[in-house]
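These protein sequence lines are chains Y and W, in that order. Just so we're aligned, residue 22 is where the first sequence starts under our numbering, counting upward by one. Just so we're aligned, residue 4 is where the second sequence starts under our numbering, counting upward by one.
The set of hints was computed from the structure by calculation and includes no laboratory data. Each residue gets a CB set at the ideal place from its N, CA and C atoms; glycine is no exception. Each hint can be trusted.
Quick look at which bits of chain Y chain W covers, simulated, 3 or more residues with Cβ under 8 Å: (1) 70-82; (2) 97-104; (3) 174-182.
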Amino acid sequence: MIKTQGLCHVYQPGSPFEKHAIEDISLHIQKGEFVGIIGHTGSGKSTLIQHFNALEMPTSGKVYVDGVDTSAPKADLRLIRRKVGLVFQYPEHQFMEETVRKDIAFGPSNLRLSQRDIEECVLEAAAMVGLRPELLDKSPFDLSGGEKRRAAIAGVLAMRPGVLVLDEPTAGLDPAGRDELLTRIKEMHENGLTVVLVSHSMEDIAKTAQRIIVLNEGRIAMDGSTAYVFSHADELGAMGLSVPQVSVVMALLRKQGVSIPDAVYTVDQAKRVIIGLYNKAHKE
Amino acid sequence: MLKDITLGQYYPGNSPVHRMDPRLKILLTVLYATLLFFIKGFLGYGVVFIFTVGVIGLAGIPVPYVVRGLRPLFFVIVFTAAINIFMTPGRTAFRLFDTPIAATHEGIYMAVYMVLRLSFLVVGTSVLTLTSSPVALTDGLERLLGPFKKIGVPAHEIAMMMSIAIRFIPTLMEETQKIIKAQKARGADFESGNIFRRAKALTPILVPLFMGAFRRADELALAMESRCYNGGENRTRLKQMHMTLSDCLSAAIAALVLAAAVTVGYMGIL
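Extracted from the complex, chain W is given alone in its bound form (with noise of 0.2 Å):
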């Protein structure tokens, strides 16, 4: 159930990967995300699948286990190829039974290529999620909007909030959970009736849910009043983040063989 869902949680390592600037890879997987929908030709995505699976296997992530992180957004990508398949006006490639709705060969090669580069977006975008614990995700975060603080971007509060939002996610959970049980014990039934009866059957678990969660607030709100919180300005860090030489060389590969995936799509090869 709730439990199951393993996309993007962190898988603690100590792999390159893992130990790599969150800064840098962060901009790499914009980098990466970007550059998805500039490439043409499979031999693009060739390349990228190298790339894609040389660092999973480097951050030595299970390569199932990532995949895996797909199983959620099957429906969507299913749905996407569909879409694509028998509304791409062009030549009927065959027909759905008989039926005026036909599949073109244009829409074939277009699903392919939105599956493609669907998949690839959220396994690749997961890599950084797998391989940086969130606290590191989010310091990365602040540092890269530091800049944008001269036009009033409110970067660490942005960052802060960030943290504290995945912070509760297993808690809340639990909490769910919790609240499910005991409300079931009340004879309380969650399972029958039509979408509306269900629907309506949510809100003796959305209410507490939501009670704890402004209680959890307060609490939260109050311990760091204690210990004299005091966010943005002046603050200094625990961990500081360093640039090092590795980082700078394997973030250059990184982008060149990018640049070559869609170097190779654009010289018209396959």
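In isolation and in its complexed conformation, chain Y is listed as follows (with noise of 0.2 Å):
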């Protein structure tokens, strides 16, 4: 789906401000994958996934979407950002319409479909989010907090892309909302779409991705499966990130010498080992 080789991108080169966002980053993200991309301020998360749906051109290396070269003269940048919707962080910021059914209207509009076509993917994007209808007619300032976020995306998977790529999408809302985000954004990957998840909560990616790509100064540090990146807390310690908290509370039990398996980072592992030592305990 998306492939990157040897990609490096430097923002105001020749400058005294030139600055290397991301360098020699190669990368293959398959269709169906859930990844979740994780790294410190500044390691080039946002520079990287806006080189996903050519928003950014690569400074040299290459970006392939659906094995088209994003950087050749005469790719066709729209549909690559039809094909790879992009969420960036508070998209709510960028409501522009008097109701919510036509700012989600606004990407298939642009997409100059048919009216008919329109309203289709309007109403089918504002499901797949879990927007009650009857929000539809209501000013998108009027939502609560998870619902313009839910709104938000919908206007991105109105166009119906193949991989939906978030920037921070629970940053600023509240627990609930933040579930009620996350639950559905796995639902979406469970209906068959590719998603790339950016996150400074390893809670979130934790409970969401499969495989989890550690971004450090510009460089790919790690590149592996949950279970792989969440064994190394001390690498990512270093590089100031760290492992979801129910993890670090698994290793201090194993220290105790409690036999606890390894690959336990959500909530939801740590009480099923836990009944199950504690069952166990009881039949002794």
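Two chains, two frames, some hints: make the complex.
Shown next as structure tokens:
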């Protein structure tokens, strides 16, 4: 789906403000994957994902979306941006229509679809993020925080992308809004959408991603399954990252001599392990 | 693009020009800009040229950097020159492709004057903003407007508004870039179509930009209030301005040089 080869990006090259944002990134995101990208502030996450839909162009290296080179002179950038739906941080700051329906329709109407198809896209996207139909005729500014966020994400989903890339989608949401959104994103993935999730919250990543790419100072520091990455707590710590809190608790228990399997990084898994241990102890 | 505008952006440094009291600098710039229009004769402009280059050199700013500030005004300058060359009545110098549009000797003369004036005006005034931080500048302005408070000029409020406006220029530029990207990600097209289409395509940028500006204004007002901000009366400042002897001396020298430039012109030498 998305492939990069030796991707580098330099901001303001040749000026005193020159900054190497990402260097030598080679990765391959397959159809149907759920990839988490983590990294310290300034590690190049946002720059990287903007290459996925050709908003930024590589200084050197290549990005392929469905086999199409995004920097090729005759690449259809709008088609690439349709295929790779990118949701920025705080996407609700980009509302500009008087109703939620019109705002979600902005993407599909840019694709010059017929009125009926647009309406269909809007309803489908709203259903995917769990927006009640009666909210569609309200002003987007009258929604709650979580609803606003989901309406804004629907605005990208309405273009029916094959890959959904989200930059910190849960930032600033209350716990209920957070859970609701993550559940919806997981659901979309189960229905076949490829998802790339950038987050500072290890808990969010642990709950959803199958594979994690760790960025450090513009380079890929680790790329592997969620269990693999979260078993390297020390390396993550050295990069200013952490593992989910529950993994820390599990590691402490393990130090105390409790026999706990390696790959425990969500509260649900921990619950099952502890209940198992309790039942075992009870039987004996 | 937007980032390339260097016109008058503060160029940090610690030269005598940078250290000069901002009040004096503002006054001298006003004097400079006014006198430019009284100078006659090229010798006068020669003096101004030496003075301007001297000040820029003293400030330690590379001359090409300052001249680059003229770039955005290139069209205005060319346009002014063209109007003057062809619209001033007088003796015909040449005709444009045998049409009735004729350039006159007086017009060419005027055009050279206007180009010189405009260029010196832009370069000279940008030295003020290049060598004074926005805070120093607005502080200086506030103090200069101080006496007019008696007749109801809200000097402090004007200065405060200016500082806030200057402070938020980079923030809003960044925000604009972000909104453009986000709307492009939703398939918006800003590059094609006729002028009306393009103007219409700006709505998805302008609406979120204004909403963002209002949101920021609200937050800023709240933050200021929670720090008990109270403008104007009895407000003390962290940095007091002191007019030193060397400030007065350099101001006097500058004023003298400018006066000389005007006089040279009036004496009719060249």
